[in-house]
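Q: Residue strings, one per chain:
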Amino acid sequence: MSTYAQKKGVGAVLWDYLTTVDHKKIAILYLIAGGFFFLVGGLEAMFIRIQLAVPGNDFVSAGVYNEILTMHGTTMIFLAAMPLIFAFMNAVMPLQIGARDVAFPFLNSLGFWLFFFGGVFLNLSWFLGGAPDAGWTSYASLSLASEGHGIDFYVLGLQISGAGTLIGGINFLVTIINMRAPGMTYMRMPLFTWTTFVTSALILFAFPPLTVALFLMLFDRLFGGNFFNPDMGGNTIIWEHLFWIFGHPEVYILVLPAFGIFSEIFAIFSRKRLFGYSSMVFATVLIGFLGFMVWAHHMFTTGLGPIANAIFSVATMAIAVPTGIKIFNWLFTMWGGSIKFTTPMLYAIAFIPTFTMGGVTGVMLASAAQDYQFHDSYFVVAHFHYVIVGGVVFALLGGLHLYWPKMFGTMLNEALGKITFWLFLIGFHLTFFIQHFLGLMGMPRRIFTFNSGQGFDMANMVSTVGAFFMAVATIVLLINIVMTIAKNEKVGGDPWGDGRTLEWALPSPPPFYNFKQLPLVRGLDAFWIEKMEGNKEMTPAEPIGDIHMPNNSFVPFVISLGLFIAAFGAMYHNEHSWGIPVLIIGMLVVFGSMFFRSVKDDHGYHIHKEELMDDDKGGKA
Amino acid sequence: MKRLAKGRLLFMLAVTTLFLAGCGEPFISTLQPAGEVAQTQYDLMLLSTFIMVGVIIVVTVIFLIVLFKFRRKDDKIPKQVEGSHKLEIIWTVIPILLLLVLAVPTVAATFDLADVSPMEEKNEEGKTDVTVVNVKANLYWWEFEYPNQGIVTSQELVVPTDEKVYFNLLSTDVKHSFWIPAAGGKLDTNTENTNKFWLEFNSEKADEVGNIFYGKCAELCGPSHALMDFKVKAISKDDFNAWAEDLASMEEAAQPETASAEQGQEIFNQSCIGCHAVTPTGANAVGPNLTTFGDRTHIAGYLEHTEENLKAWIKDPEEFKPGNKMTDQYGNLSDEEIDALTDYLMGLKVED
Numbered sequence: 001m002s003t004y005a006q007k008k009g010v011g012a013v014l015w016d017y018l019t020t021v022d023h024k025k026i027a028i029l030y031l032i033a034g035g036f037f038f039l040v041g042g043l044e045a046m047f048i049r050i051q052l053a054v055p056g057n058d059f060v061s062a063g064v065y066n067e068i069l070t071m072h073g074t075t076m077i078f079l080a081a082m083p084l085i086f087a088f089m090n091a092v093m094p095l096q097i098g099a100r101d102v103a104f105p106f107l108n109s110l111g112f113w114l115f116f117f118g119g120v121f122l123n124l125s126w127f128l129g130g131a132p133d134a135g136w137t138s139y140a141s142l143s144l145a146s147e148g149h150g151i152d153f154y155v156l157g158l159q160i161s162g163a164g165t166l167i168g169g170i171n172f173l174v175t176i177i178n179m180r181a182p183g184m185t186y187m188r189m190p191l192f193t194w195t196t197f198v199t200s201a202l203i204l205f206a207f208p209p210l211t212v213a214l215f216l217m218l219f220d221r222l223f224g225g226n227f228f229n230p231d232m233g234g235n236t237i238i239w240e241h242l243f244w245i246f247g248h249p250e251v252y253i254l255v256l257p258a259f260g261i262f263s264e265i266f267a268i269f270s271r272k273r274l275f276g277y278s279s280m281v282f283a284t285v286l287i288g289f290l291g292f293m294v295w296a297h298h299m300f301t302t303g304l305g306p307i308a309n310a311i312f313s314v315a316t317m318a319i320a321v322p323t324g325i326k327i328f329n330w331l332f333t334m335w336g337g338s339i340k341f342t343t344p345m346l347y348a349i350a351f352i353p354t355f356t357m358g359g360v361t362g363v364m365l366a367s368a369a370q371d372y373q374f375h376d377s378y379f380v381v382a383h384f385h386y387v388i389v390g391g392v393v394f395a396l397l398g399g400l401h402l403y404w405p406k407m408f409g410t411m412l413n414e415a416l417g418k419i420t421f422w423l424f425l426i427g428f429h430l431t432f433f434i435q436h437f438l439g440l441m442g443m444p445r446r447i448f449t450f451n452s453g454q455g456f457d458m459a460n461m462v463s464t465v466g467a468f469f470m471a472v473a474t475i476v477l478l479i480n481i482v483m484t485i486a487k488n489e490k491v492g493g494d495p496w497g498d499g500r501t502l503e504w505a506l507p508s509p510p511p512f513y514n515f516k517q518l519p520l521v522r523g524l525d526a527f528w529i530e531k532m533e534g535n536k537e538m539t540p541a542e543p544i545g546d547i548h549m550p551n552n553s554f555v556p557f558v559i560s561l562g563l564f565i566a567a568f569g570a571m572y573h574n575e576h577s578w579g580i581p582v583l584i585i586g587m588l589v590v591f592g593s594m595f596f597r598s599v600k601d602d603h604g605y606h607i608h609k610e611e612l613m614d615d616d617k618g619g620k621a
Numbered sequence: 001m002k003r004l005a006k007g008r009l010l011f012m013l014a015v016t017t018l019f020l021a022g023c024g025e026p027f028i029s030t031l032q033p034a035g036e037v038a039q040t041q042y043d044l045m046l047l048s049t050f051i052m053v054g055v056i057i058v059v060t061v062i063f064l065i066v067l068f069k070f071r072r073k074d075d076k077i078p079k080q081v082e083g084s085h086k087l088e089i090i091w092t093v094i095p096i097l098l099l100l101v102l103a104v105p106t107v108a109a110t111f112d113l114a115d116v117s118p119m120e121e122k123n124e125e126g127k128t129d130v131t132v133v134n135v136k137a138n139l140y141w142w143e144f145e146y147p148n149q150g151i152v153t154s155q156e157l158v159v160p161t162d163e164k165v166y167f168n169l170l171s172t173d174v175k176h177s178f179w180i181p182a183a184g185g186k187l188d189t190n191t192e193n194t195n196k197f198w199l200e201f202n203s204e205k206a207d208e209v210g211n212i213f214y215g216k217c218a219e220l221c222g223p224s225h226a227l228m229d230f231k232v233k234a235i236s237k238d239d240f241n242a243w244a245e246d247l248a249s250m251e252e253a254a255q256p257e258t259a260s261a262e263q264g265q266e267i268f269n270q271s272c273i274g275c276h277a278v279t280p281t282g283a284n285a286v287g288p289n290l291t292t293f294g295d296r297t298h299i300a301g302y303l304e305h306t307e308e309n310l311k312a313w314i315k316d317p318e319e320f321k322p323g324n325k326m327t328d329q330y331g332n333l334s335d336e337e338i339d340a341l342t343d344y345l346m347g348l349k350v351e352d
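Protein chains in written order, with full-length UniProt numbering: chain Z, 1 to 621; chain W, 1 to 352.
Chain Z extracted, bound-state conformation (with noise of 0.2 angstroms):
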């Protein structure tokens, strides 16, 4: 399909990529997208460890000191870190289980500009008087204190990009329960499927709590409801227990699918089969239904009283027997295996102990009489970060070069790789361990400045010293990418070398049908098995013949740009006469499209068989 791309110019390629309804190209737009707002939310990270360098600094005012942590934590949550992990299952799930698409190739596309113009919304609030300024969990009590209307960006932005998440869970779930190929058993999805299913079930029940939540602050804001006002009958509370109902599970989202891909890692370059696979599966259902009966240990400060609060922790402490079962299968994954070390295995390598690290505070925290003292500190922010980079983070980073490949038909150099790798980590632990101390030695999260004299100065300046090295790694990361695109030297299907699921069966990247015939699977690792028996392709289960496409289509973009027109006229509504006009503009173009969508028959279009056959002998792309 790329040589095709080529020769078209860049109108055609730009309105081919808003029509597509192509998983591939959708994983390239969530890639991209998502790597935008991963640079801006380092960005602002980087704000913030600026000004927190010295004591009493003013690098920036104690206002936007706010917006800016406010910023980071939602950007890097729902703009970098959501949108890269759809990425990947995006490019790789179907592929993994032998299907041409997702099961709602529309929808998939729709999900995307959903969480595209929700991303845009919320970051425009920079230009448009002030981001949201209440945190990214936006407590109710301060979050309708907040002057202007940087709270109503947050909770209009995250209504229209939350959506595109549910649709996208949705499809991963119907695909993965309906389009497998013939021979592939639940039991016999590679693990990163597995986990885009429970993460898409996660998503399934978490997100609306998050929706219900948003609407209720929506109204307070904008149109004087009380849902959280004390002194007409409201509660703050509700408010964060929706959050964290929404809000626990949402780490479970983040971190599951980057067990998936370490364990697609491992795997492949340990040259072995994953060590308990079965118990794998087994743990991460586990630690998806657990995930959602532990949302109250981000409130044992807020005075539950010490029934819920034992209850939740030893709730919350049960979440790490599952998670060590994960760590050691790991470990004996590659114990007797053939360890080549490359990017993506570095990443996974470091992932172990990092990881482990993240988890043992984890218990620390869940331990309800001693988080009294952890909670709203920076030993809870070295925790998350901990997890979220440590575990997250360097999922998507060895994602990223793992899968590279896969999507774009090159590689990124190994070398530049190797040092983006060496610099995040030394960055990452330099930055991050010692706020576990910071913590402890009481110094609150979320503070824009701190006095000298009370023994933070120190500590806070390595952490700063160590954000430069993450920053540092990530310019090597970009200049690795721009030298790879300018290089454009093609590889094959399986580059790596050691792969052993159907992705790796197919050319990188695949044809836009992605196979011609659907793959007989044998059992799990089901390439690695031709692969042992001296196949170099995999068994067909199906003679050619005619292959159902979908057409591309635009709707999605304009339904989402409804959306995002209506929320302007939402917000404004208040104080400028055109709000109502607009919000019902808005919504007019929303219901316009879906109309249009449901009334016009839209069939898509075949490949014929004798196109597929043409294709092999035009040689293969």
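Calculated from the structure, these hints are not laboratory results. The beta-carbon is built from N, C-alpha and C at its ideal position, and this holds for glycine as well. Some hints here could point you the wrong way.
What the hints assert, rightly or not - Pair ranges (Cβ atoms, derived):
no., chain 1, residue 1, chain 2, residue 2, range
1, W, I94, Z, W15, 57 to 63 angstroms
2, W, T327, Z, V174, 52 to 58 angstroms
3, W, K315, Z, I50, 28 to 34 angstroms
4, Z, M293, W, D328, 46 to 52 angstroms
5, W, D328, Z, W15, 53 to 59 angstroms
6, W, I90, Z, G225, 53 to 59 angstroms
7, W, D328, Z, D58, 18 to 24 angstroms
8, Z, D58, W, I90, 53 to 59 angstroms
9, Z, I585, W, P147, 57 to 63 angstroms
10, Z, M461, W, E307, 31 to 37 angstroms
11, Z, I32, W, K79, 39 to 45 angstroms
12, Z, I50, W, E208, 34 to 40 angstroms
13, W, V93, Z, F223, 51 to 57 angstroms
14, Z, M293, W, I77, 39 to 45 angstroms
Since the structure of chain Z is already known, use the hints to place chain W on it.
A: Relative to chain Z, chain W alone:
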């Protein structure tokens, strides 16, 4: 062999304790506990740290063996192992046991720290036999009301040492969180319900820090969240009673002693008294109670207690605590007026 292991464990314990004790300043660090609550929490930290370091050591040893022993040396395909039920049971059961070791004291401590029954028991006078403080958190200052003594202070919490002090916590605007790290963990001040807990301050530890501990707001509450500090003066029960009686017996504001301070009092009575009381009564005030302003150790909760800082603060509070509620409430005061006001405020003392 067993004794050796035990000795080593003790040694490790001692080293860790020493190492952690070197961390931070004694008036604010959770690692130098200055009371029963902080001590309970510190002991739990140590217990969990030891369990967790044990886990990390096991993981690290396997990790290092794997990295050195199983590098790729040739192109051989290793044996494809499915798993091992024995191993999997081991690493399921052992963590469960370790967690039980931590869970039992955690649950016990959680209930212990939440036991506020003594503050509910009222005697014939309708008072409690224990020391109770009603804390009101405001943007960005703290009010402390002593219902038994019938007095109100702000910004500096005075507590008796070596006994449990019980707190009622509430916020008047947005959510804050009440934290005295050296004395124990935090509890939020919600906007809709009163939270209760207790802390204890050890007299020896209080002596070490000159009787002053630092308190913090731990919940993001707006631009000046970082500056919403308060100080805790932990003094002996006798000193506390004497202080409280002195304060309670004050029926009118401390009288100015110099001409300048007298002028300051006039200005104060015109511009400031609407929000700031100078007698130790009147809970739920708009602004901090200033009855004992001259005795305080800090201005605005975090600045050094000097006349220059006070003058600068009165001149432009916004420069120090952005988003505070005092800015623009009292018009423009000339430098002379501020000087006079400063003299007056610095003279507001009950202690000698």
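Q: If a hint holds in the structure, say so; if it doesn't, say that too.
A: Now the hints, each set against the structure:
As the Cβ distance of I94(W) to W15(Z) is approximately 58 angstroms, the hint placing it in 57 to 63 angstroms holds. A beta carbon spacing of about 57 angstroms between T327(W) and V174(Z) agrees with the range 52 to 58 angstroms that was offered as a hint. One distance hint, 28 to 34 angstroms for the beta-carbon pair K315(W) and I50(Z), holds here, with the actual separation near 29 angstroms. For M293(Z) and D328(W), the Cβ-Cβ distance of about 49 angstroms falls inside the hinted range of 46 to 52 angstroms, so the restraint holds.
Roughly 55 angstroms separates the CB atoms of D328(W) and W15(Z), a value that falls within the hinted 53 to 59 angstroms. Distance hint check: the CB atoms of I90(W) and G225(Z) are about 54 angstroms apart, consistent with the given range 53 to 59 angstroms. In this structure the supplied range 18 to 24 angstroms holds for D328(W) paired with D58(Z), their Cβ-Cβ distance being about 22 angstroms. The given range of 53 to 59 angstroms is respected by D58(Z) and I90(W), whose C-beta atoms sit roughly 55 angstroms from each other.
At roughly 58 angstroms, the beta-carbon separation of I585(Z) and P147(W) lies within the given 57 to 63 angstroms, and the hint holds. For the pair M461(Z) and E307(W), the beta carbons lie near 32 angstroms from each other, so the given range of 31 to 37 angstroms is met. I32(Z) and K79(W) have their C-beta atoms about 42 angstroms apart, which keeps the hinted 39 to 45 angstroms range intact. The hint said 34 to 40 angstroms for the Cβ distance between I50(Z) and E208(W), and at roughly 35 angstroms that hint holds.
The hinted window of 51 to 57 angstroms between V93(W) and F223(Z) holds, with their beta carbons roughly 55 angstroms apart. The given range of 39 to 45 angstroms is respected by M293(Z) and I77(W), whose C-beta atoms sit roughly 42 angstroms from each other.
Going through the hint list in order, the structure satisfies each hint without exception.
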